[in-house]
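K.L.:
Each chain, written out:
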Amino acid sequence: MCDTNKNIYLPHLATVAEVVDETPDVRTLRLVFQDEHVRDGFAFRAGQFAEYSAFGAGESTFCIASSPTRKGHIECSFRSVGRVTEELRRLEVGDSMGVRGPYGNSYPIEEFYGKNLVFVAGGIALPPLRTLIWNCLDLRDKFGDITIVYGARTESDLVYKRELQEWQERADVRLVKTVDPGGNGPEWDGRVGFVPTILEETAPAAENTIALVCGPPVMIKFTLPVLEKLGFGDEQVYTTLENRMKCGLGKCGRCNVGNVYVCKDGPVFTAKQIKAMPMEF
Amino acid sequence: MKKYISQQNLNTLLDNLIAEGRRVVAPRMSAGIPLYEPLTSSTEMVTGLLPRRSAKEAFFPVCEELMSYEKEGQQVKLTDVDPARFPETVLVGVRPCDAVAIPVLDAVFSWDYKDEFFLERRRKTTIIGLACTTADDACFCTAVGLSPTETRGSDLFLTPLVGGGYAFESCSAKGEQLITNHKELFTGQTKAKTLPLAAPQTEKIDVKKVKGWLDEHFEDPLWDGVAVRCVGCGACAFVCPACHCFDIVDEGTEKAGKRRKSWDACGFWKFTHHASGHNPRDLQPKRYRNRIMHKFKYYNDKFGQTLCTGCGRCVRICPVGIDIKAIIDTIMNSEC
Chain A
1 MCDTNKNIYL PHLATVAEVV DETPDVRTLR LVFQDEHVRD GFAFRAGQFA
51 EYSAFGAGES TFCIASSPTR KGHIECSFRS VGRVTEELRR LEVGDSMGVR
101 GPYGNSYPIE EFYGKNLVFV AGGIALPPLR TLIWNCLDLR DKFGDITIVY
151 GARTESDLVY KRELQEWQER ADVRLVKTVD PGGNGPEWDG RVGFVPTILE
201 ETAPAAENTI ALVCGPPVMI KFTLPVLEKL GFGDEQVYTT LENRMKCGLG
251 KCGRCNVGNV YVCKDGPVFT AKQIKAMPME F
Chain B
1 MKKYISQQNL NTLLDNLIAE GRRVVAPRMS AGIPLYEPLT SSTEMVTGLL
51 PRRSAKEAFF PVCEELMSYE KEGQQVKLTD VDPARFPETV LVGVRPCDAV
101 AIPVLDAVFS WDYKDEFFLE RRRKTTIIGL ACTTADDACF CTAVGLSPTE
151 TRGSDLFLTP LVGGGYAFES CSAKGEQLIT NHKELFTGQT KAKTLPLAAP
201 QTEKIDVKKV KGWLDEHFED PLWDGVAVRC VGCGACAFVC PACHCFDIVD
251 EGTEKAGKRR KSWDACGFWK FTHHASGHNP RDLQPKRYRN RIMHKFKYYN
301 DKFGQTLCTG CGRCVRICPV GIDIKAIIDT IMNSEC
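Chains as they are written, first to last, in the working numbering: chain A, 1 to 281; chain B, 1 to 336.
Some hints could be false.
Listed below are the simulated SDA-like cross-link pairs for lysine to any residue, each with C-alpha atoms no more than 20 Å apart in a straight line [to be verified]:
id, chain 1, residue 1, chain 2, residue 2
1, B, Lys71, A, Glu163
2, A, Lys6, B, Asp80
3, A, Lys161, A, Phe194
4, B, Lys211, A, Phe194
5, A, Lys221, B, Ser276
6, B, Lys208, A, Asn259
7, B, Lys114, A, His12
8, B, Lys270, B, Leu50
Think of the hints as simulated: they come from the structure by calculation, not from any bench.
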């Protein structure tokens with residue numbers, strides 16, 4: 001898993017190569033590892049996460065939002081809500097920061113080959129699916145139909161707007177974007193309604209299909225019954241859990257949901273696994 | 001006949017080790033409180049009192065540096081911690097309930113990713129356990145299947161004898177090595193009897209039965225009942241020989257500083273608090289439940305071990321009188 005006698009808490013240094021403001025408070029950083037060996041050797045799978053350092057403030061946990069098929073850099077997207085994310089937000093192009101990882105399990109993408117995929121995301125929860133979306137689009141031949149249902153409270157809360165445009169224009173992707181009632185401006189060309197409702201109206205066929213769901217707890221809560229109604233079994237549905245973490249290594253003791261460690265056993269779980277867990281997330 | 005080392009020879013051993021430059025850690029009085037701390041002379045060692053905190057901090061300090069950072073313009077320089085800085089150590093006078101916790105902690109610090117901060121100190125430390133001759137109302141080592149003469153975790157084990165001195169037995173290669181290196185001090189033989197050993201007055205815990213109950217009772221009125229008065233001070237976790245939750249924080253200025261790992265506790269409200277404001281363990285009963293679950297179920301599920309050695313420290317120190325043994329007894333005696 002890792003070299004012996006190494007300090008497992010020591011981050012790799014990375015340089016901020018690009019800064020994108022997705023929404024007024026969500027930012028994406030493109031990061032390039034400073035050490036050549038790390039840059040070439042950093043291998044991860046879609047779904048894995050990392051610990052990102054703003055030195056002097058500490059570390060924060062986010063998924064790796066870019067696709068493993070895009071080499072040479074990684075990306076993370078985060079909302080500025082705390083001490084570390086405020087400091088990460090202050091980073092400018094050329095600044096140095098730290099990355100530890102990749103950690104956790106990943107989407108079993110090979111098991112999805114030959115199947116249709118339905119991505120369902122809400123708000124800031126698109127990043128953990130975006131890594132997989134691009135991973136699949138970069139291997140487009142291996143999958144059947146790809147449907148993306150993505151919603152946010154308002155138009156301005158939608159992240160990756162340029163990519164939404166790209167997906168909308170592609171013939172091999174069906175993008176259904178929506179905003180909550182009242183969140184649409186005069187120019188809005190998408191749907192209006194909550195994600196679970198729009199998913200139900202979109203009605204993707206369950207047969208030979210995998211659903212991947214990420215969103216705030218309330219969205220997940222109302223989306224799972226819709227998928228069930230559409231005929232999806234609990235083993236056809238995947239999601240990610242996001243508990244507070246410090247080490248990311250199965251030691252510090254805070255991310256557990258019952259006896260399941262989100263950092264080691266997750267963050268990717270099937271709906272079947274989630275339903276077997278106690279309500280502690 | 002027993003193999004025997006006199007008190008004088010033991011003192012000579014410790015003083016020789018100190019003179020050789022080893023760090024010798026033993027129970028000593030520190031501002032009126034017995035703690036495992038480095039000795040400057042063997043005469044500082046006190047053996048009659050249970051140290052206030054456990055011996056885990058010899059491997060897992062309250063707070064330690066993981067690395068340091070310096071910023072210069074847009075560049076950052078990180079300085080790793082050199083494991084060579086951890087001194088060769090002899091930990092002596094360790095209570096069996098403390099010594100046995102150390103191999104229990106090996107499991108979490110060595111599975112998958114290796115925490116060399118813990119493991120390197122572990123490699124560099126020889127543990128001399130001491131049989132326990134005094135138990136108080138809070139002690140319950142025998143209830144969790146241990147005993148005042150449990151040698152697991154010790155490299156060398158001492159049992160106090162009537163008339164002074166100790167019977168000794170080696171429990172590992174490190175123990176053998178220590179004896180070999182100082183063989184002139186370990187030549188004694190005696191027929192003296194051992195001092196009366198501690199005999200905790202406590203009912204045995206059926207760990208399997210307790211785990212079986214916990215497997216089925218994540219939701220149970222018991223949790224509200226036992227934790228309603230818990231103030232979330234975290235003292236139980238800090239004195240526990242087996243609790244090992246930690247935080248990672250940066251300390252310093254924007255220009256330069258250190259990243260540190262420090263003890264944390266699942267009883268703290270902020271422990272699981274998300275930046276979004278959401279908290280999966282938002283109420284004290286949920287946090288206390290995690291403490292019991294981690295000790296008697298989760299650690300068992302993962303590593304096949306119990307995270308409690310019956311030292312009773314959490315019972316003694318709790319400011320509101322929460323008694324973990326009484327809670328486990330309640331679980332033991334529950335019908336379903």
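K.L.:
Now, for every hint given, state plainly whether the structure supports it.
P.N.:
Against the structure, the hints:
Proximity of Lys71(B) to Glu163(A) is assessed by CA-CA distance (about 35 Å); at most 20 Å being required, the pair is judged violated. Restraint check for Lys6(A) and Asp80(B): satisfied, since their Cα atoms lie roughly 10 Å apart, inside the 20 Å limit. A distance of roughly 19 Å separates the Cα atoms of Lys161(A) and Phe194(A); the hinted pair therefore holds under the 20 Å criterion. The straight-line distance between the Cα atoms of Lys211(B) and Phe194(A) is roughly 43 Å, outside the 20 Å bound, and the hint therefore fails.
For the hint linking Lys221(A) to Ser276(B), the alpha-carbon distance of about 18 Å falls within 20 Å, and the restraint holds. This hinted pair checks out: Lys208(B) and Asn259(A) have alpha carbons roughly 16 Å apart, not beyond 20 Å. Simply put, Lys114(B) and His12(A) have alpha-carbon atoms about 17 Å apart, close enough for the 20 Å limit, and the pair holds. Distance check on the hinted pair: Lys270(B) and Leu50(B) sit about 31 Å apart at the alpha-carbon level, beyond 20 Å; violated.
Against the hints set out earlier in the document, violations occur for numbers 1, 4 and 8.
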